[in-house]
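S.K.: Given next are the chains, with one letter for each unit.
There are 2 protein chains.
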Amino acid sequence: MNFPSKLIEDAVNEISRLPGIGKKTALRLALHLLKQKESVTESLSSSIMKLRSEIKYCEICHNVSDALECSICTSQRRDRRIICLVEEIPDVLAIENTSQYNGLYHVLGGVISPIQGIGPDELKIESLLKRIENPKDGEKVQEVILALPTTMEGDTTAFFITRKLKELGVSVSTIARGIPVGGELEYTDEVTLGRSILTRINYSAE
Amino acid sequence: MNFPSKLIEDAVNEISRLPGIGKKTALRLALHLLKQKESVTESLSSSIMKLRSEIKYCEICHNVSDALECSICTSQRRDRRIICLVEEIPDVLAIENTSQYNGLYHVLGGVISPIQGIGPDELKIESLLKRIENPKDGEKVQEVILALPTTMEGDTTAFFITRKLKELGVSVSTIARGIPVGGELEYTDEVTLGRSILTRINYSAE
Numbered sequence: 001m002n003f004p005s006k007l008i009e010d011a012v013n014e015i016s017r018l019p020g021i022g023k024k025t026a027l028r029l030a031l032h033l034l035k036q037k038e039s040v041t042e043s044l045s046s047s048i049m050k051l052r053s054e055i056k057y058c059e060i061c062h063n064v065s066d067a068l069e070c071s072i073c074t075s076q077r078r079d080r081r082i083i084c085l086v087e088e089i090p091d092v093l094a095i096e097n098t099s100q101y102n103g104l105y106h107v108l109g110g111v112i113s114p115i116q117g118i119g120p121d122e123l124k125i126e127s128l129l130k131r132i133e134n135p136k137d138g139e140k141v142q143e144v145i146l147a148l149p150t151t152m153e154g155d156t157t158a159f160f161i162t163r164k165l166k167e168l169g170v171s172v173s174t175i176a177r178g179i180p181v182g183g184e185l186e187y188t189d190e191v192t193l194g195r196s197i198l199t200r201i202n203y204s205a206e
Numbered sequence: 001m002n003f004p005s006k007l008i009e010d011a012v013n014e015i016s017r018l019p020g021i022g023k024k025t026a027l028r029l030a031l032h033l034l035k036q037k038e039s040v041t042e043s044l045s046s047s048i049m050k051l052r053s054e055i056k057y058c059e060i061c062h063n064v065s066d067a068l069e070c071s072i073c074t075s076q077r078r079d080r081r082i083i084c085l086v087e088e089i090p091d092v093l094a095i096e097n098t099s100q101y102n103g104l105y106h107v108l109g110g111v112i113s114p115i116q117g118i119g120p121d122e123l124k125i126e127s128l129l130k131r132i133e134n135p136k137d138g139e140k141v142q143e144v145i146l147a148l149p150t151t152m153e154g155d156t157t158a159f160f161i162t163r164k165l166k167e168l169g170v171s172v173s174t175i176a177r178g179i180p181v182g183g184e185l186e187y188t189d190e191v192t193l194g195r196s197i198l199t200r201i202n203y204s205a206e
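Protein chains in written order, with the numbering used here: chain A, 1 to 206; chain B, 1 to 206.
Hints may be right or wrong, so weigh each one.
[What the hints assert, rightly or not] Some chain B residues judged to face chain A by a derived CB distance under 10 Å, without partners named:
#1 I21
#2 S43
#3 Q100
[Unchecked claim] The calculated DSSO-like cross-link candidates involving lysine-lysine, where the alpha carbons are at most 27 Å apart (straight line), are:
#4 B:K164 <-> B:K124
#5 A:K56 <-> A:K124
#6 A:K50 <-> A:K6
#7 B:K37 <-> B:K24
#8 A:K24 <-> B:K56
#9 A:K24 <-> B:K50
#10 B:K136 <-> B:K56
#11 B:K6 <-> A:K56
#12 B:K130 <-> B:K164
#13 A:K23 <-> B:K23
#14 B:K24 <-> B:K56
#15 B:K35 <-> B:K23
#16 B:K24 <-> A:K24
#17 B:K6 <-> A:K136
#18 A:K50 <-> B:K24
#19 A:K23 <-> B:K24
#20 B:K37 <-> B:K6
#21 B:K6 <-> B:K35
#22 A:K35 <-> A:K56
#23 A:K35 <-> B:K56
#24 A:K6 <-> A:K56
#25 A:K136 <-> A:K124
#26 A:K140 <-> A:K130
#27 B:K56 <-> B:K130
#28 A:K6 <-> B:K56
#29 A:K35 <-> A:K50
#30 B:K124 <-> A:K37
#31 A:K124 <-> B:K6
#32 B:K164 <-> B:K136
#33 A:K50 <-> B:K23
#34 A:K35 <-> B:K24
#35 B:K35 <-> A:K56
#36 B:K130 <-> B:K166
#37 A:K37 <-> B:K56
#38 A:K164 <-> A:K140
#39 A:K37 <-> B:K50
#40 A:K6 <-> B:K24
Think of the hints as simulated: they come from the structure by calculation, not from any bench.
The beta carbon of each residue, even a glycine, is placed where N, CA and C say it ideally should be.
My request is simple: use the sequences and hints to build the entire structure.
M.R.: What follows is the structure, given as structure tokens:
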């Protein structure tokens with residue numbers, strides 16, 4: 001593609017480095033920005049800049065935060081006896097948006113993957129165990145919910161952490177895997193359907 | 001949507017103001033940027049900033065440019081006897097990418113639209129006429145190709161400009177409208193198909 005201006009070319013190259021944005025979309029966005037008031041591009045540009053340079057990570061749960069401790073960890077309304085363990089930050093957002101969970105979180109920052117050279121030491125496992133051993137405000141953690149991906153790496157990580165947690169006498173659970181709400185039985189893959197039968201919920205036992 | 005950080009919320013709000021990008025995509029982009037090195041977000045942010053603040057418009061053809069006169073207008077390799085008239089800057093890029101045109105351009109900056117309050121004076125019509133009356137380097141403009149949109153506004157503008165140009169003794173042509181290359185006759189809309197018959201090319205006359 002030929003560009004009439006080096007400035008446009010630079011902007012298109014930078015914008016098209018974003019995931020899911022190709023050269024054509026980047027050009028469309030650049031030309032859109034050209035038509036906007038200077039204040040619009042200024043605030044876009046500065047918010048992107050600040051996002052990366054000023055962001056902090058919560059010292060307790062490793063979620064993104066504006067302060068040293070995030071709003072979930074410091075909230076008095078959350079149930080401090082439950083910790084939900086997730087792989088990445090977007091997972092926290094996803095669970096928060098369900099409004100079904102009122103406990104705390106812990107972001108591992110990945111899963112154990114020998115192929116990619118990620119061992120337990122690269123993850124925030126040690127800080128999770130410390131959190132449970134020495135609860136900051138004295139309230140003992142009773143349950144850790146594993147919300148890790150259902151990949152081999154996720155399962156390995158879950159197995160590793162479950163063993164560590166059981167030594168500390170904490171109850172460990174995992175989120176249910178099964179057919180999505182509204183999903184059709186006949187179109188569900190066999191692994192999911194198989195799991196949903198194996199991990200069926202027995203109402204009479206409740 | 002709840003955001004764990006004001007910085008993320010700001011960035012998502014700003015990014016989602018771009019056309020075709022919703023809140024979900026904006027969040028995905030913001031979280032992607034968080035994972036990148038600071039230099040990546042810095043260069044993205046500064047290229048967006050520079051794009052708007054440092055861009056210039058060519059004094060002759062009103063296309064975007066790095067200097068006061070754009071690279072097309074100053075090029076010695078272009079045919080200075082033909083001017084292609086387009087509505088907006090992306091149209092120049094689109095025609096340039098065909099590599100089929102070697103003349104100059106003129107960007108109108110819109111089309112006549114009484115509903116939106118855009119009259120001939122809001123467009124760069126006067127500067128086009130001046131360009132033709134007083135050619136900068138003495139070479140007379142012989143033809144103006146109209147590459148305006150096929151809307152009512154585009155047709156009005158074309159009609160208005162054609163009349164003015166004929167007074168100056170310039171030949172006026174318009175780009176062909178017809179069935180796209182590879183397009184199927186039976187799926188083409190009637191207006192396009194009708195036009196392609198009315199404006200058919202007579203080989204025997206050549």
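S.K.: Does each hint hold? Answer for all of them.
M.R.: Taking the hints in turn, this is what the structure says about them:
1. The closest approach between the C-beta of I21 of chain B and any C-beta of chain A is roughly 8 Å, which is under the 10 Å cut-off, so the hint is satisfied.
2. Interface restraint check: S43 of chain B against chain A, minimum CB-CB distance 6 Å, threshold 10 Å, status holds.
3. For Q100 of chain B, the suggested interface contact is broken, since its CB lies about 13 Å from the closest CB of chain A, more than 10 Å.
4. Between the alpha carbons of K164 of chain B and K124 of chain B the distance comes to roughly 13 Å, so the proposed pair stays at or under 27 Å and holds.
5. For the suggested pair K56 of chain A and K124 of chain A, the alpha carbons sit about 16 Å apart, so the restraint of at most 27 Å is met.
6. With a C-alpha separation of about 25 Å, the suggested pairing of K50 of chain A with K6 of chain A holds against the 27 Å cut-off.
7. Straight-line distance between C-alpha atoms of K37 of chain B and K24 of chain B comes to about 22 Å, which keeps the hinted pair within the 27 Å bound.
8. Annotation: proposed proximity of K24 of chain A to K56 of chain B holds, straight-line Cα distance about 22 Å (limit 27 Å).
9. Simply put, K24 of chain A and K50 of chain B have alpha-carbon atoms about 20 Å apart, close enough for the 27 Å limit, and the pair holds.
10. Restraint check for K136 of chain B and K56 of chain B: satisfied, since their Cα atoms lie roughly 20 Å apart, inside the 27 Å limit.
11. A C-alpha spacing of about 11 Å is found between K6 of chain B and K56 of chain A, which places the hinted pair at or below 27 Å, so the restraint holds.
12. Proposed proximity of K130 of chain B and K164 of chain B is supported: the alpha carbons are some 11 Å apart, at most 27 Å.
13. With a C-alpha separation of about 21 Å, the suggested pairing of K23 of chain A with K23 of chain B holds against the 27 Å cut-off.
14. As the CA atoms of K24 of chain B and K56 of chain B are separated by approximately 34 Å, the hinted pair breaks the 27 Å bound.
15. Restraint check for K35 of chain B and K23 of chain B: the C-alpha separation of about 19 Å stays at or below 27 Å, so the hint holds.
16. For the suggested pair K24 of chain B and K24 of chain A, the alpha carbons sit about 21 Å apart, so the restraint of at most 27 Å is met.
17. A threshold of 27 Å between alpha carbons decides the hint, and for K6 of chain B with K136 of chain A the separation of about 25 Å falls inside it, so the pair holds.
18. For the proposed pair K50 of chain A and K24 of chain B, the alpha carbon gap of about 20 Å is at most 27 Å, so the pair holds.
19. For the suggested pair K23 of chain A and K24 of chain B, the alpha carbons sit about 21 Å apart, so the restraint of at most 27 Å is met.
20. A distance of roughly 20 Å separates the Cα atoms of K37 of chain B and K6 of chain B; the hinted pair therefore holds under the 27 Å criterion.
21. With a C-alpha separation of about 17 Å, the suggested pair K6 of chain B and K35 of chain B falls inside the 27 Å cut-off, and the hint holds.
22. For the suggested pair K35 of chain A and K56 of chain A, the alpha carbons sit about 34 Å apart, so the restraint of at most 27 Å is broken.
23. Distance check on the hinted pair: K35 of chain A and K56 of chain B sit about 12 Å apart at the alpha-carbon level, within 27 Å; holds.
24. Between K6 of chain A and K56 of chain A, the direct Cα distance comes to roughly 35 Å. Violation of the 27 Å bound is thereby established for this hinted pair.
25. Proposed proximity of K136 of chain A and K124 of chain A is supported: the alpha carbons are some 17 Å apart, at most 27 Å.
26. Of the supplied pair hints, the one linking K140 of chain A and K130 of chain A holds, its CA atoms being roughly 12 Å apart against a limit of 27 Å.
27. A hinted pair counts as satisfied when its Cα atoms are at most 27 Å apart, and K56 of chain B with K130 of chain B qualifies at roughly 21 Å.
28. Restraint check for K6 of chain A and K56 of chain B: the C-alpha separation of about 11 Å stays at or below 27 Å, so the hint holds.
29. Among the hinted pairs, K35 of chain A with K50 of chain A is consistent with the structure: their alpha-carbon atoms are about 24 Å apart, no more than 27 Å.
30. A C-alpha spacing of about 20 Å is found between K124 of chain B and K37 of chain A, which places the hinted pair at or below 27 Å, so the restraint holds.
31. A C-alpha spacing of about 24 Å is found between K124 of chain A and K6 of chain B, which places the hinted pair at or below 27 Å, so the restraint holds.
32. Using a Cα cut-off of 27 Å, the hinted pair K164 of chain B and K136 of chain B holds, with the two alpha carbons roughly 20 Å apart.
33. Of the pairs offered as hints, the one joining K50 of chain A and K23 of chain B holds, with about 19 Å between alpha carbons and a cut-off of 27 Å not exceeded.
34. A hinted pair counts as satisfied when its Cα atoms are at most 27 Å apart, and K35 of chain A with K24 of chain B qualifies at roughly 24 Å.
35. Distance restraint check for K35 of chain B and K56 of chain A: the Cα-Cα separation of roughly 12 Å lies within the 27 Å cut-off, and the hinted pair is therefore satisfied.
36. Taking the CA atoms of K130 of chain B and K166 of chain B, the gap is near 14 Å; set against the 27 Å cutoff, the hint holds.
37. At roughly 14 Å between alpha-carbon atoms, K37 of chain A and K56 of chain B fall within 27 Å of each other, so this suggested pair holds.
38. Restraint check for K164 of chain A and K140 of chain A: satisfied, since their Cα atoms lie roughly 16 Å apart, inside the 27 Å limit.
39. Distance check on the hinted pair: K37 of chain A and K50 of chain B sit about 13 Å apart at the alpha-carbon level, within 27 Å; holds.
40. Our distance criterion of 27 Å between C-alpha atoms is broken by K6 of chain A and K24 of chain B, whose separation comes to about 31 Å.
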